[in-house]
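Working from the sequences, and respecting the hints, build out all of it.
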Amino acid sequence: MSRYAGDDRPLTLAKITLVTFSTALIASSLVLLIFTLASPPAPSEWPGVLVHEDGSVSVSDELQDERSRAWVARCSTLGNRVC
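Under this note's numbering, the first residue of the sequence shown carries the number 1, and numbering increases by one thereafter.
These are calculated hints, taken from the structure and not from any lab test.
It is possible that part of the hints are untrue.
To be verified - Here are the simulated distance ranges between beta carbons:
| no. | residue 1 | residue 2 | range |
| --- | --- | --- | --- |
| 1 | A73 | E53 | 13 to 21 angstroms |
| 2 | R74 | L32 | 20 to 28 angstroms |
| 3 | F35 | W71 | 18 to 26 angstroms |
| 4 | S60 | L37 | 22 to 30 angstroms |
| 5 | L37 | A70 | 20 to 28 angstroms |
| 6 | A70 | A38 | 18 to 26 angstroms |
| 7 | A27 | E53 | 38 to 46 angstroms |
| 8 | L13 | A70 | 50 to 58 angstroms |
| 9 | G55 | T23 | 42 to 50 angstroms |
Ideal placement from N, C-alpha and C gives every residue a C-beta, glycine not left out.
Right, dumping it as structure tokens:
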């Protein structure tokens, strides 16, 4: 079957598919990069937080207010990704 002079639908469909796939790939890569860079540090890197050899976490004297103790307790119990 010969191709008509003005019929470029298969080529247009291929371009649309390529552009859509490329855009989705770039967007997902950017989202992954943002989440990777925005992840909180490990508990040992938190200022005023002491991580002991047995894995328990305690608050130094500079963070003795009620909210800080509650935050450290919640984050050390639930894990790094929740905070």
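Results for each hint:
1. In this structure the supplied range 13 to 21 angstroms holds for A73 paired with E53, their Cβ-Cβ distance being about 19 angstroms.
2. Checked against the hint of 20 to 28 angstroms, the pair R74 and L32 passes, with Cβ atoms roughly 26 angstroms apart.
3. Remark: the range hint 18 to 26 angstroms for F35 to W71 is upheld by a beta-carbon distance near 21 angstroms.
4. Distance hint check for S60 and L37: the Cβ-Cβ separation is about 27 angstroms, which falls inside the suggested range of 22 to 30 angstroms.
5. At about 27 angstroms, the CB distance of L37 to A70 agrees with the hint of 20 to 28 angstroms.
6. Hint check: A70 to A38, Cβ distance near 23 angstroms, so the stated range 18 to 26 angstroms holds.
7. At about 43 angstroms, the CB distance of A27 to E53 agrees with the hint of 38 to 46 angstroms.
8. Roughly 57 angstroms separates the CB atoms of L13 and A70, a value that falls within the hinted 50 to 58 angstroms.
9. Separation of G55 from T23 is about 44 angstroms and conforms to the stated range, judged on CB atoms against 42 to 50 angstroms.
Checked against the numbered hints given earlier, this structure breaks none of them.
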